[in-house]
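Participant: Sequences and hints are given; from them, build the entire structure.
For reference, the chains in residue letters:
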Amino acid sequence: MMRSKLLSLVPCATGPFRTMSTTTKLTTVEVNDKTGIATLTMNRPPVNGLNLDLLRDLRQSIAEIEGNKSRGLILTSSNPTIFSAGLDIMEMYKPDKERVRAFWTALQDAWLALYGSSVPTAAAINGHSPAGGCLLATSCEYRVMLPKFTIGLNETKLGIVAPMWFMSSFLSVLPRREAERALNQGRMFTTDEALQIGLVDEAAGTKEEALEKCAQFIGTFAKVNPIARALTKQQFRAAELEQLESERAQDLEKFLFFINQPAVQKGLGIYLESLKKKAKN
Amino acid sequence: MMRSKLLSLVPCATGPFRTMSTTTKLTTVEVNDKTGIATLTMNRPPVNGLNLDLLRDLRQSIAEIEGNKSRGLILTSSNPTIFSAGLDIMEMYKPDKERVRAFWTALQDAWLALYGSSVPTAAAINGHSPAGGCLLATSCEYRVMLPKFTIGLNETKLGIVAPMWFMSSFLSVLPRREAERALNQGRMFTTDEALQIGLVDEAAGTKEEALEKCAQFIGTFAKVNPIARALTKQQFRAAELEQLESERAQDLEKFLFFINQPAVQKGLGIYLESLKKKAKN
Amino acid sequence: MMRSKLLSLVPCATGPFRTMSTTTKLTTVEVNDKTGIATLTMNRPPVNGLNLDLLRDLRQSIAEIEGNKSRGLILTSSNPTIFSAGLDIMEMYKPDKERVRAFWTALQDAWLALYGSSVPTAAAINGHSPAGGCLLATSCEYRVMLPKFTIGLNETKLGIVAPMWFMSSFLSVLPRREAERALNQGRMFTTDEALQIGLVDEAAGTKEEALEKCAQFIGTFAKVNPIARALTKQQFRAAELEQLESERAQDLEKFLFFINQPAVQKGLGIYLESLKKKAKN
Numbered sequence: 004m005m006r007s008k009l010l011s012l013v014p015c016a017t018g019p020f021r022t023m024s025t026t027t028k029l030t031t032v033e034v035n036d037k038t039g040i041a042t043l044t045m046n047r048p049p050v051n052g053l054n055l056d057l058l059r060d061l062r063q064s065i066a067e068i069e070g071n072k073s074r075g076l077i078l079t080s081s082n083p084t085i086f087s088a089g090l091d092i093m094e095m096y097k098p099d100k101e102r103v104r105a106f107w108t109a110l111q112d113a114w115l116a117l118y119g120s121s122v123p124t125a126a127a128i129n130g131h132s133p134a135g136g137c138l139l140a141t142s143c144e145y146r147v148m149l150p151k152f153t154i155g156l157n158e159t160k161l162g163i164v165a166p167m168w169f170m171s172s173f174l175s176v177l178p179r180r181e182a183e184r185a186l187n188q189g190r191m192f193t194t195d196e197a198l199q200i201g202l203v204d205e206a207a208g209t210k211e212e213a214l215e216k217c218a219q220f221i222g223t224f225a226k227v228n229p230i231a232r233a234l235t236k237q238q239f240r241a242a243e244l245e246q247l248e249s250e251r252a253q254d255l256e257k258f259l260f261f262i263n264q265p266a267v268q269k270g271l272g273i274y275l276e277s278l279k280k281k282a283k284n
Numbered sequence: 004m005m006r007s008k009l010l011s012l013v014p015c016a017t018g019p020f021r022t023m024s025t026t027t028k029l030t031t032v033e034v035n036d037k038t039g040i041a042t043l044t045m046n047r048p049p050v051n052g053l054n055l056d057l058l059r060d061l062r063q064s065i066a067e068i069e070g071n072k073s074r075g076l077i078l079t080s081s082n083p084t085i086f087s088a089g090l091d092i093m094e095m096y097k098p099d100k101e102r103v104r105a106f107w108t109a110l111q112d113a114w115l116a117l118y119g120s121s122v123p124t125a126a127a128i129n130g131h132s133p134a135g136g137c138l139l140a141t142s143c144e145y146r147v148m149l150p151k152f153t154i155g156l157n158e159t160k161l162g163i164v165a166p167m168w169f170m171s172s173f174l175s176v177l178p179r180r181e182a183e184r185a186l187n188q189g190r191m192f193t194t195d196e197a198l199q200i201g202l203v204d205e206a207a208g209t210k211e212e213a214l215e216k217c218a219q220f221i222g223t224f225a226k227v228n229p230i231a232r233a234l235t236k237q238q239f240r241a242a243e244l245e246q247l248e249s250e251r252a253q254d255l256e257k258f259l260f261f262i263n264q265p266a267v268q269k270g271l272g273i274y275l276e277s278l279k280k281k282a283k284n
Numbered sequence: 004m005m006r007s008k009l010l011s012l013v014p015c016a017t018g019p020f021r022t023m024s025t026t027t028k029l030t031t032v033e034v035n036d037k038t039g040i041a042t043l044t045m046n047r048p049p050v051n052g053l054n055l056d057l058l059r060d061l062r063q064s065i066a067e068i069e070g071n072k073s074r075g076l077i078l079t080s081s082n083p084t085i086f087s088a089g090l091d092i093m094e095m096y097k098p099d100k101e102r103v104r105a106f107w108t109a110l111q112d113a114w115l116a117l118y119g120s121s122v123p124t125a126a127a128i129n130g131h132s133p134a135g136g137c138l139l140a141t142s143c144e145y146r147v148m149l150p151k152f153t154i155g156l157n158e159t160k161l162g163i164v165a166p167m168w169f170m171s172s173f174l175s176v177l178p179r180r181e182a183e184r185a186l187n188q189g190r191m192f193t194t195d196e197a198l199q200i201g202l203v204d205e206a207a208g209t210k211e212e213a214l215e216k217c218a219q220f221i222g223t224f225a226k227v228n229p230i231a232r233a234l235t236k237q238q239f240r241a242a243e244l245e246q247l248e249s250e251r252a253q254d255l256e257k258f259l260f261f262i263n264q265p266a267v268q269k270g271l272g273i274y275l276e277s278l279k280k281k282a283k284n
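Protein chains in written order, with my numbering: chain A, 4 to 284; chain B, 4 to 284; chain C, 4 to 284.
Hints were generated in silico from the structure; no laboratory data involved.
Errors might be hidden in some of the hints.
Since the list can't tell identical chains apart, any single copy or any two copies may satisfy a pair.
Here are the simulated DSSO-like pairs of lysine-lysine, each with C-alpha atoms no more than 27 Å apart in a straight line [what the hints assert, rightly or not]:
1. K72 to K269
2. K210 to K28
3. K269 to K226
4. K283 to K226
5. K226 to K97
6. K160 to K37
7. K226 to K257
8. K28 to K279
9. K160 to K72
10. K280 to K257
11. K226 to K281
12. K269 to K210
13. K100 to K257
14. K226 to K151
15. K100 to K72
16. K257 to K37
17. K28 to K269
18. K226 to K72
19. K269 to K279
20. K72 to K97
21. K151 to K37
22. K37 to K280
This structure is a prediction, so every number in the text was calculated from the model and none was measured.
Facilitator: So, in structure tokens, the structure goes:
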């Protein structure tokens, strides 16, 4: 992995950046022409639920940012109160056989692309960030969060099991002791709690301030060789990346086996009903 | 492991719990009919030395608690000043060939059962907890300790080497840097020191208060799906559990090789003599 | 590994120690006859650059200390402002094919000897300690640092990639989250910052005070069985030691491949020019 990446990496351009803005259906990429930093915005109303399409767009946008000589990637949401509500349950409830396989594969791909990204990554968490939303945030290298929101891997409260690579992202941020307890409890942390435990690095009053603080973090790499940085990061994260890469098929089968348990389907159905009732009120 | 466990797991009953009390020779299991939490009490005078019989009883009691739909397990001691003094040296000094094999195997079994337990576990540490006592406490998910006692893996002070899975339990609680130093020093921590470094989670003035705080920790899982919780915990701990499971035979041989070194036998003999003298004074 | 080491280990002598002082070309070993602690001083002007000869001397001195029944090893520098400036770039710039292989192999050997040393180790960091200097310091079990110096793995700033085993030493000291960020940023920490984050354990006003504090740390093992201690430490560090031992050849090839990239050679050339200009001013 290392070698092929090394050969394909291109050093940062030092000249002025072109302003680029690309819109796929569900994500937007905007590159700041002064800083050279790309902002990747998730835009799938109502809650940035991670379905097959959003996951594929995410991966494509990450690849685009890797290719366009950006100095860094900031992940954020167009929704003013939700960063991402996590995996779209509609992809898992009474799923189509082929589509659910494509869905999980797209999730694996998006994680491998983000967690292993060669450019510096930061999340401007401008809304609630449960489950898969927390996965995306903890796969970045830095997190800035707005007040009065919550973040966490709350899968056990939903009756599902976060796979090992969700845990890997979590463990790259939190001490093992704290990570295990939070995972088992399915605990959601407020912004203040997340800051105190280290689940996020900074708080910010507004989205603009959050984006600015993310840009400052990315700025700490200004005098760092981008190839050496990318290889160092990927080597540091190699064990987790290689574990999923080598166990992709088993990981997919494990997910399919679990999701097809009658008790799990029943639980998802009850949860969906509760969401519908909430929506009516 | 995951799949077979999944299929055999039974969700918590939501109705009232039967009050059950089982006494084997050296342990007691008592289930609180209001909370559904089982208290597992070690009761082998004078110091809860972990010999073959206590270890077998411990494992059997853990299995019973797993099977009786308890909401959680609290491990404690009937002794007012000693949680457990650790491995019974009489099992290792001039040992019978067959018995010492059974002893170590029972220790492996007890650890696999407790560290990998599907129910929430907490230790009410109501007395000193050196070596094997600390192993049991750190194999639980939460620790509450009474004041003026000590806890730690002090094997190096006794001239023996804590096996890798003792280290795994320790590392699931302490940061790596702190764990290594304490292990090499064979350091015993006072209650205050243990609290400060994170080796225990809370202090309590009395055993009743300790049991209550353990029950409160177990209560944090009230709204968590018990199957998802169990699978999450076991996945989080899988690497350590699988390591011992796959290396049981080598681990046993390593222990036997070590324990049969003349220098080690001599050291144990001297230590036993010093204990006898203490007992006389 | 464990067994052969066990059989070859010799317990600490309890009688008075002989005063020994051995000088190889680039290191000095001095054993305090009261404490039995060996001080290993790097002495390669002007900056203790780690070249083939210094690395071979380091390894030989560590072996000597292991063999002479010392109670511990304190690593320090004869230079009043530089602990070690890290790998000697002259060994990597336009290198001789055979010598550069011997150089990297000597670095592997020195790390395996120091990180896996059976005696307690401490670093009295009496000057700047970048890159390879930080590797040596973090391979010891304890660190005391003088004020107003800097320490860190700043390889990404030099355009190179610290190998996995550099990361292992770093991770044996820092939490994962902090280690990754610092590695990616190539961050140098001041003494105060290093103390706060845990990269060093204590600060000291003078070299004498630093040596004294290192000796006090080594003194914490006075009542610990030295064989049990050595086996415990080596077992705790076994995964990292075994990883390099089993991948030595690939690690060497990876280094040679990297160092021979035209872009890397060009970067080293520019860096050397800048050093020459600095030296003139």
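Participant: Where does the structure disagree with the numbered hints, that is, which hint numbers, in rising order?
Facilitator: 10, 12, 15, 16, 17, 20, 21 and 22
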